[in-house]
Amino acid sequence: MPPIIVILPDAQEVRGRLHARRQTKDGWHYQVGILIWRDGTESIAEPAEQRMWVAPGHVRPIPGVSYAHVPTHRLSAAGTPSRQRPPAWTLQHLPHRPGHPGATLLHVIGCTPSDHTLTHDQAQAALRQPRAAACIECDAARSLTPTHTTSTPP
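Using our numbering, you'd call the opening residue of the sequence shown number 763 and step up by one each time.
For the record, the hints were derived by calculation from the structure and aren't laboratory data.
Among the hints, a few may not be true.
[What the hints assert, rightly or not] Restraint-style ranges between C-beta atoms, simulated for each label pair:
no.	residue 1	residue 2	range
1	A903	A830	21 to 31 Å
2	Q774	G826	19 to 29 Å
3	Q774	P892	42 to 52 Å
4	P823	R890	16 to 26 Å
Think of the CB as a built atom: it goes at the ideal place given N, C-alpha and C, for glycine as much as any other residue.
Kindly produce the complete structure, drawing on both the sequences and the hints.
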């Protein structure tokens, strides 16, 4: 996902990533992710991405960066979110561990790094496979429902 400047409540500006944008009746909102520290293994801090939806006044594009491939959800004529361009999905293969069979986790592109993207049909087929599930962080399952499609960027 492309970088974007995120303006924090105390007016600090940090570099984040733009994951999605959606149009509401009140205007546009942007799903951004910023790296923060969290407690990791053995009480050692490790970086973790925190995602949130923010209003336009809390983000600023970076000159020269393209946002053309960011999933964009426009309001339809009926005033409900719609998408006209299919987003892309990725698969994460979780290895077999003792006592746990391997599994596959489906993500909206940008949630987990991957070199291979899937079309809408491929993602639906992958989700129907045994031991396959959709990521709850990026809401991959919801993005595959017939009422959700992607639109061109604003």
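Earlier hints that do not hold, by number: Per hint list: single violation, 4.
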